[in-house]
Amino acid sequence: MALRLGDEAPNFTAETTEGTINFHEWLGGGWGILFSHPKDYTPVCTTELGTVAKITPEFKKRGVKVLAVSVDPLDSHKGWINDINETQHTTMNYPIIADPDKKVATLYDMIHPNALDNMTVRSVFIVGPDKKVKLTLTYPASCGRNFDELLRVIDSLQLTSKFKVATPANWKDGEDCIITPAVNDAEAKTLFPKGFKVVKPYLRYTPQPNK
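Numbering of the sequence shown is given in my numbering, commencing with residue 1 and proceeding in unit increments.
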């Protein structure tokens, strides 16, 4: 069965390019992002993993650990890392899971049942400190992921986990937020001392609370 938002992220122990990890222990009490790539030594995946290596400081700034996975073996990953470093002008700085027995891929439903091969699809899972799945995304093999969007989603998830707000379309960190409908105006005056603008009774904007 496919994982749904709010489900506990399945735990596992796996070999990675940085040693053996237990997923939940590796996450600790923080946020994590698990993303799969279809196959080593493929063009789109090479650009994706290189991009993540370059923006790892952005994930660290948000307290997010990054973990990649594919069904290729460990020696393949280690050889491919050399190509990633060379072609993407970076240095790999996060682990890649070797999942040749498809244990992790099966736990996270990463093998498409209609696929002609057993490669993983381009899946993304964001996991919160409570080990619950906060976001899932699946991309076609032909489309590389937009990691700026994933950072934006992480900003929204972390903000809305602490304050009674939601983020509107195309929101970016630092922009106005929407007060959730469950908060009445009297409560909003206490929770949001910067004030708020009422467009409709259900649509109230307030400056980002933690800025």
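No lab work stands behind these hints: they were computed from the structure. Think of the CB as a built atom: it goes at the ideal place given N, C-alpha and C, for glycine as much as any other residue. Any given hint might turn out to be false.
[Said to hold, decoys possible] Computed cross-link-like contacts, DMTMM-like style, restricted to lysine to aspartate or glutamate with a CA-CA straight-line distance of at most 20 Å:
#1 Lys194 with Asp173
#2 Lys211 with Glu58
#3 Lys60 with Asp109
#4 Lys102 with Asp173
#5 Lys65 with Glu18
#6 Lys65 with Asp176
#7 Lys39 with Asp130
#8 Lys131 with Asp7
#9 Lys61 with Glu187
#10 Lys54 with Glu86
#11 Lys78 with Asp7
#12 Lys132 with Glu18
#13 Lys164 with Asp148
#14 Lys172 with Glu149
#15 Lys65 with Asp130
[What the hints assert, rightly or not] Using C-beta positions, here's what the derived DEER-type ranges look like:
#16 Ser161 with Asn11: 18 to 28 Å
#17 Thr190 with Pro73: 52 to 62 Å
#18 Lys162 with Leu5: 40 to 50 Å
#19 Gly30 with Thr190: 27 to 37 Å
#20 Arg4 with Thr160: 12 to 22 Å
#21 Glu187 with Asp83: 46 to 56 Å
#22 Lys39 with Asn146: 29 to 39 Å
#23 Asn146 with Asn82: 33 to 43 Å
#24 Thr180 with Pro57: 40 to 50 Å
#25 Gly195 with Lys39: 50 to 60 Å
#26 Ala182 with Asn82: 49 to 59 Å
#27 Asn184 with Arg62: 47 to 57 Å
#28 Thr136 with Asn22: 17 to 27 Å
Results for each hint:
1. Lys194 with Asp173: It holds: about 17 Å lies between the C-alpha atoms, which stays within 20 Å.
2. Lys211 with Glu58: holds (18 Å)
3. Lys60 with Asp109: Violated - the C-alpha atoms of Asp109 and Lys60 are around 27 Å apart, more than 20 Å.
4. Lys102 with Asp173: violated (37 Å)
5. Lys65 with Glu18: Given that 20 Å is the threshold and the Cα spacing comes to 13 Å, the pair holds.
6. Lys65 with Asp176: Violated. Lys65 to Asp176 sits at ~27 Å, over the 20 Å cutoff.
7. Lys39 with Asp130: violated (30 Å)
8. Lys131 with Asp7: Between Lys131 and Asp7 the Cα gap is close to 9 Å, so the pair holds against 20 Å.
9. Lys61 with Glu187: Since the Cα atoms of Lys61 and Glu187 sit roughly 32 Å apart, the hinted pair is violated (cutoff 20 Å).
10. Lys54 with Glu86: holds (13 Å)
11. Lys78 with Asp7: violated (32 Å)
12. Lys132 with Glu18: violated (24 Å)
13. Lys164 with Asp148: Since the Cα atoms of Lys164 and Asp148 sit roughly 24 Å apart, the hinted pair is violated (cutoff 20 Å).
14. Lys172 with Glu149: holds (10 Å)
15. Lys65 with Asp130: Given that 20 Å is the threshold and the Cα spacing comes to 14 Å, the pair holds.
16. Ser161 with Asn11: 18 to 28 Å: holds (21 Å)
17. Thr190 with Pro73: 52 to 62 Å: Given about 57 Å between the Cβ atoms, the range holds.
18. Lys162 with Leu5: 40 to 50 Å: With a Cβ separation near 18 Å, Lys162 and Leu5 fall outside 40 to 50 Å, so the hint is violated.
19. Gly30 with Thr190: 27 to 37 Å: holds (30 Å)
20. Arg4 with Thr160: 12 to 22 Å: holds (18 Å)
21. Glu187 with Asp83: 46 to 56 Å: Because 55 Å falls inside the window, the suggested range holds.
22. Lys39 with Asn146: 29 to 39 Å: violated (20 Å)
23. Asn146 with Asn82: 33 to 43 Å: violated (26 Å)
24. Thr180 with Pro57: 40 to 50 Å: violated (31 Å)
25. Gly195 with Lys39: 50 to 60 Å: holds (52 Å)
26. Ala182 with Asn82: 49 to 59 Å: At 52 Å between Cβs, range holds.
27. Asn184 with Arg62: 47 to 57 Å: violated (31 Å)
28. Thr136 with Asn22: 17 to 27 Å: At 22 Å between Cβs, range holds.
In this structure, the earlier hints numbered 3, 4, 6, 7, 9, 11, 12, 13, 18, 22, 23, 24, 27 are contradicted, and the remaining ones agree with it.
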